[in-house]
Amino acid sequence: MTIELSVNGRVVSTGAEPATPLLDVLRNHLDLRGTRYGCGLEQCGSCMVLIDGKPDYACSREIGSVAGRAVTTVEGLADNGTPHPLQVAFLEEQAGQCGYCLSGILMSAKALLDRNPTPSRADIVSALDDNLCRCGAHPRIIRAVQKAAAMIRAAQTHTGAPTGAQS
Amino acid sequence: MSEPLPLSIQNNRRMDKWLRFDPDRTLHLAVGKVEIGQGVLIALSQIAAEELDIDVARVNILSGDTADAPDEGSTSSSQSIEVSGRSVRLVSAELRQRVLARLAQRLNCSPEDITVEDGAFLLDAQPTGHDYWSFASDADFAADIEGTATPKPASQYTIVGQPVPRKDLIAKVSGAAFIHDIVRPDMLHARVVRQPSRNATLTSLDEAAIRRAAHGSFKVIRLGNFAAFVSTDETVVQRAAVAALTHARWDGARTLTADQQDAAWFVGQPCDDRFVGDPVTPPGGGTVVSATYSRPYVSHAAMAPSCGLAEFRDGHLSVWSHTQGVYPLRNSIADILGLTREQVTVRHAHGAGCYGHNGADDAALDAAIIAQQLPGHCIRVQWRREEEFGYEPISTAHRTRIAVELDSAGRPIDWTTEVWAGPHVQRPIFGGVMLAHEALPNPPAPARAGDPPEANGGGGTRNGTPLYDFPHKRIVHHLSLATPIRTSSLRGLGALPNVFAMECFMDELAERAGMDPVAYRLSLLSDSRARHLIENVAARCDWANRGPVGTGKGLGLAWSRYKNKAAYACVAVELEVDRNIRLTRVWCAADAGLVINPDGAKNQLEGGIIHAASMTLKEAVTFEGSGISSLDWASYPIMTFSEVPEIFTEIVHAPDLPTLGMGECTFGPTAAAIANAVAHALGVRVRDMPLTRERIASVLAGA
Ligand code: FES
Ligand code: FES
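In the order they appear, the protein sequences are chains A and B.
Those letters in the first sequence? Residues 1 to 167, per this note's numbering, in order.
Those letters in the second sequence? Residues 1 to 703, per this note's numbering, in order.
Treat the hints with care, since some could be wrong.
[As the list claims (entries may be wrong)] Chain B is nowhere near these chain A residues, computed Cβ spacing over 12 Å in every case:
(1) 13
(2) 19
(3) 36
(4) 51
(5) 69
(6) 117
(7) 150
[What the hints assert, rightly or not] Stretches of chain B that chain A covers, calculated by requiring three or more beta carbons in the stretch to come under 8 Å of a beta carbon on chain A:
(8) 303 to 312
(9) 351 to 360
(10) 371 to 385
(11) 608 to 617
(12) 639 to 650
[As the list claims (entries may be wrong)] Here are a few chain A residues that face chain B, going by a calculated C-beta distance under 8 Å:
(13) 17
(14) 20
(15) 21
(16) 37
(17) 38
(18) 41
(19) 46
(20) 90
(21) 91
(22) 98
(23) 100
(24) 101
(25) 102
(26) 129
These are calculated hints, taken from the structure and not from any lab test.
Computed from a prediction, not measured in an experiment: that's the story for all the values here.
Using N, Cα and C, we set each Cβ at its ideal position, and we do this for glycine too.
Bound-form chain B, shown alone (with noise of 0.2 Å):
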């Protein structure tokens, strides 16, 4: 094998990091990866049965524990499946190679006739009496991994392809099923005091006046600026802590103003300039168009305020966190607490889908904070949703400009995105700090504004460098140093800012150019996976018979490959504008070559464009004071039943081609095409997200 091993593989060589027969005949599958309501679980059983000729009901999935499971780093940008689905493939592959190579010599046979059925060994078609759990050999497990194993053809596949349900779906729709409802021996409920910013100082915290509110006993914390209320009744420290709210003095606190609410308030700013792609080439003479647009800071929005636990026995901290990275969750909680590495286990429990890095992590840090207080209980934190809309890091505001040179015909033949945003991804480990980290006695420098390197897809910048076929191309990124407030990684950082940029601005091309959307597009786009799904869409929504613009009924249509290197997908929305702008019906067509769970992918498709709507038509984070002012879902509004439109979706086949992530591959056409659809309704261009009623009204009142 030429290709290097993947990394998760290089910092995980031995065999039983990642699988073991067990007696009851089951396989145990360890994974770095997590299961955020993606459905990666499944899939990566999938590949393990797969590979093994296993059922697929025998896998028992270990995933995102410190102590038992690999180090995979974190669950993010749709690369479980590229990344930790290779690995997986590859440890089965070899293990079985590994026990049939054996069988094959005590047998006196080629591994080659030896089949495999349910984990059972066959020799031409006849029980050999041997199977993985008798035959499988410590030494097996003990040795490291080679990567030197030939998978599966996908021709071979019977099990990677099929619809399998999850497993964990079934508690999820009976009962306790979640980080919030494990109970522990001795638990406490914890609440914490919210420092309302960094440097802010708590003057005073008059516990008499909380103690009335709270109609019940609780135990205070304090380590500097953090304080947190402790009590078997959990009742009792959420009253404290609403009570908290109005009997906690604070000293120099941030003031925020509803002016850094918005993207353009980067222009200007204190920024690192980085500049990717095509020299700056000397204008051509031809036509200099721009238009700027933007999307305002927005919420993950959780459906589950965040959770944690954490226990402190005999100097050991077990920690249980919905976090999208154990082992990085597990180093800043040692390093901040002052504990070894070896000294701390951080353990994953299923949370509410996160969409990327929310409050997860720092609630395991304040759970662990208190419990280093109070050693031999297992303490329990649960963030109220005023706390989790208030305090997570949300994704930046990002504003784009495209400015164009235009030959005679009116396509580009000069393309520049340029990007004002603050970072997109502030986890610990890219110099971000923890929230309550910046409360305690020694407080951590502030963070450092960076993003993702380009090679891992860029931040501000993804998706910026657009992949029609345009002579020079290159990207401007004004990554601003000082943002108002913490900021971190949301479902495909910039991709959806710069998405809808870029394909708003191809449909207000192809209408100076005097050329239909699609046909403007495909004139320029020589890559045939992304012209097959354009034209399936265009066909499956009756393009060619797309009414007048103007009607008030709008149809729309966007396209993208996600960081220019994973899936791709082609949406297609249909709208009407009367007072608001209702979603009739969506199109949409992905290749994300094999597909390991077909209608696990599909509904991954389905919630980005959902998510993608919402954020579109509704979201935005406000300021006011010493932070975050859209505190609760009357304030930050999601899509509803009743908003959601009928979805169709259609997953090309492409079995012979690399599997790609496609959680966040109809993000940004998505966010594009509903604006596409709103101007071919009303003949106007609304630029700003969300489109509200407000923003469209003032659009047409200046039009």
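Bound conformation, chain A alone (with noise of 0.2 Å):
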């Protein structure tokens, strides 16, 4: 049996078992490693990839859940190799310590912009706090984000067209 998903625009099968957690499915099974293990409890984010559009713990979400659903993981917030403004501005504001908890904190920030583009801090916070980060990268994180609205706002005014939300 195959389970067909669509993983960062591309369509996916995978041969997986129905219970096997989505999260194993991307890292071990379609190579996608930026989505990463922490706790497996829906408790630190780690794991924090979209389903169609919204975040969801990629530890506890069983593969045969996801059928025909969107996902996107870490590795396809870059459009055609143009890193997502996310991206420019937390190199930019060198947003993390050891960085293990990015890729998940990306994930939910994008969720964030996609649906508020003019976030204010706590709006950001809010929408962070099913992420946990133990270095304390946070203060520059909350800028990262704040950066990132102000650069995909800026290139739409400019071009009239919505960046960064190709999922």
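Using the hints, build the complex out of the two chains.
Right, here's the structure in full:
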């Protein structure tokens, strides 16, 4: 039996048994190792991906439950090799220490910016509250999300077209 | 040069241990210190690029590799820039000097006439046609390092002191980047069935039940009380490991009790007593005051559970680990597995920030044990979250009692810091044991209690001696010989609990003396660097207009010089207390001498503040049954995004003073500043960490 789903805009199929965690399928079957294991308990957000545009824990979603759905991982953030404004802003702000939390945080932040292009600090911290960061990189991460939002808005006024929302 | 060569160079004398020019016009720099999220590699790259005058983008750094990089011990205690940085500076300056001396001979000029521009040599501002890549010779690299070259003066720096971005973050925001993501040929996934405690015997393992739960096939490796599941399918071994929690029977596991959780438990336990400082003076007739503070056991709580990879091929064991010290780990693994050191290579791979000695080394040993049983495969051991919380060496609970004799103006004339704690460092090289070793057929002798010597900053005694101008000061240290659980180093060792105690007590003494806490400190402190920081932070947080005590809003301040010899930091915390404590703003100033990368340094200061705030407000390891019961993020909560205050850091510019490690300098001051702010907000003093709602309520009830 195979399960089909869309990952980063590509249709993929996997022979994994339906109860396999999405996290294991992404990492071990599809070789997308940017989605990380932190707890397997829906408590840390290291494994955060987007499922049909909404942040969700890959560690505890079974692959059978995402058949036919669209999954976006950190590898799908860049658009044809052009980094997503969030990735640009995180690097410009050097928003991270060890970086282990970052891929999950980027996905939560993308979901936020997709629905709210002008988030306040309060919006950002509440959108990121399901993601833990042990290194204390929070102030920079908050700044980077604000910066990415500004970059996306600036690009939109330039081209009149939304960017960074390909999922 | 009168100073002795840094230990790193003494132990790695050949130039080619450190530096090499590669044909693609890059510089290969090999160092023993490793990246643990602190940005050390970019800082060391900047130092080399500066001395050699090449673009920092040309530096490729290899760190932590027993085959190809120098032995620099462990990466800990904010020592990397102080020690490794000094070595890299000397080595790079010497390579430049050697090459330029030969070129000067060739061109019949003086070396001073030659300038270097991104690795190319100019004479009288004209190209010579030579550069490092064409002119450096094998002889330059084969010779021993003398350490006699004079590095550049700080006034000429153009790369050091700049906020150069790190290279490693690019991968970390795009995809695979960590040890956890390494894929090797013939890789098998493994999980370990953990022995609940030393001496516990595995009496039965219901393999049939575990196989039913695992939904797939796996191999069982058994060696004494060490058991592991190995499979091509990670999902299967993960399920098997979870099932084993109920299908493995153990005899003889220890029992821990809740009273052992508290630092107070150490009082009256067998201990090794140490004494540091001035002899006890007979009481001078002044008022004697004392207070006792404590911090519970705390976890490193790295975001990633530990991971180790090992493969045994043709009699050689290759290991990948996010350890803080590849050489010490190599030696331990070789000894435990009966291999020679030459038969083992340990390579560093990035892990999550560790903040000290966590499960990294133990996971590597797990993988090595299994790999030796299954030659020809790469064994990847991934610890589970509960395993990391339950089995990593945690940081000891720590109790600090301060007793002082005051003069008539309320100033201490005699100060005693008394500490009760378990060992703050139990790396294998300091008498500690590795986890899986205890489960093997020939387990090692129990760990010996020990602590770093005073020359290295001490462990339980770290920052126990106040830097205030008190005439007599001393530490009495009761190092507990039998700690209920394995403990080892966590960011700053005893500095956080000791600075917490000392800087809280200074506020309490100021109140007794009827003085403002900042004015009281300044009246007792002649160290000008410290005074400068306190004045800086007090001005920025508008200390002069601090409100009255007991309004529910608090402002508190504290400072320390880490280890009494590394970086200085002063921190002020503003908070509000209603049902919970809510930090609103934090101001910090730090003085770390010459700062190599100011952006990286600020990142460290901010991270230290948040980590310490999390520990002060929330963190405590709990015990139950045979071990730790705080096994997930719900039972061991840490600070979240919505709880993080705004942080304003400032680094004092001191380029002519030696670089001081700053990864830990905000740690103690933050803890004390929070408690001082809580006392200001509520009018009562909470002396035991963490400052949870329940603890504050019980202090208020007793007030
Ligand atoms: S790994 Fe999924 S929430 Fe922690
Ligand atoms: S940067 Fe290390 S956990 Fe966030």
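Structure-based check of all given hints:
1. Non-interface status of residue 13(A) relative to chain B is upheld: no Cβ of that chain comes within 12 Å, the nearest being about 17 Å off.
2. For residue 19(A), the non-interface assignment is contradicted: its Cβ lies about 7 Å from the closest Cβ of chain B, within the 12 Å cut-off.
3. Listed as a non-interface residue, residue 36(A) fails to keep its Cβ farther than 12 Å from every Cβ of chain B; the least gap is roughly 7 Å.
4. Residue-level check passed: residue 51(A) sits 19 Å from the nearest beta carbon of chain B, beyond 12 Å.
5. At roughly 20 Å from the closest C-beta of chain B, the C-beta of residue 69(A) stays outside 12 Å, upholding its exclusion from the interface.
6. Its beta-carbon lying about 20 Å from the closest one in chain B, residue 117(A) satisfies the requirement of being farther than 12 Å from that chain.
7. Listed as a non-interface residue, residue 150(A) keeps its Cβ farther than 12 Å from every Cβ of chain B; the least gap is roughly 18 Å.
8. Three residues within the 8 Å Cβ limit are the bar, and the region 303 to 312 of chain B against chain A gives 3, so the coverage statement holds.
9. For the region 351 to 360 of chain B, the stated coverage by chain A holds: 4 residues have a C-beta nearer than 8 Å to a C-beta of that chain, and at least 3 were required.
10. As drawn, the region 371 to 385 of chain B meets chain A at 3 residues by the rule of a beta-carbon pair under 8 Å; at three or more, the given contact holds.
11. Coverage of a stretch by a chain is defined here by at least three residues with a beta carbon nearer than 8 Å to that chain's beta carbons; for the region 608 to 617 of chain B and chain A the count is 5, and the condition holds.
12. For the region 639 to 650 of chain B, the stated coverage by chain A is satisfied: 7 residues place a CB nearer than 8 Å to a CB of that chain, which reaches the threshold of 3.
13. With a cut of 8 Å, the hint placing residue 17(A) at the interface with chain B holds, because the nearest CB-to-CB distance is about 7 Å.
14. Of the supplied interface hints, the one on residue 20(A) holds, with its beta-carbon coming within about 5 Å of a beta-carbon of chain B, less than 8 Å.
15. Nearest Cβ of chain B to the Cβ of residue 21(A): about 7 Å, under the 8 Å cut. The hint holds.
16. Satisfaction of the interface hint for residue 37(A) is found here, the shortest Cβ-Cβ separation to chain B being roughly 7 Å, below the 8 Å cut-off.
17. Checking residue 38(A) against chain B by beta carbon gives a least distance of about 5 Å; that is within 8 Å, so the hint holds.
18. A hinted interface residue such as residue 41(A) counts as satisfied when its beta carbon comes closer than 8 Å to some beta carbon of chain B; here the least separation is about 6 Å, so the hint holds.
19. Interface hint status for residue 46(A): upheld, as the beta-carbon distance to the closest one in chain B is roughly 6 Å, under 8 Å.
20. Restraint check, residue 90(A) versus chain B: the minimum CB separation of about 5 Å is within 8 Å; hint holds.
21. With a cut of 8 Å, the hint placing residue 91(A) at the interface with chain B holds, because the nearest CB-to-CB distance is about 6 Å.
22. Nearest Cβ of chain B to the Cβ of residue 98(A): about 3 Å, under the 8 Å cut. The hint holds.
23. The beta carbon of residue 100(A) is positioned within 8 Å of a beta carbon in chain B (closest approach about 4 Å), and the interface hint is therefore held.
24. For residue 101(A), the interface hint holds, since its Cβ comes within 8 Å of a Cβ in chain B; the closest pair sits about 5 Å apart.
25. Below 8 Å, beta-carbon pairs count as interface contacts, and residue 102(A) has one with chain B at about 5 Å; its hint therefore holds.
26. Because the beta carbon of residue 129(A) sits about 5 Å from the nearest beta carbon in chain B, less than 8 Å, this interface hint is met.
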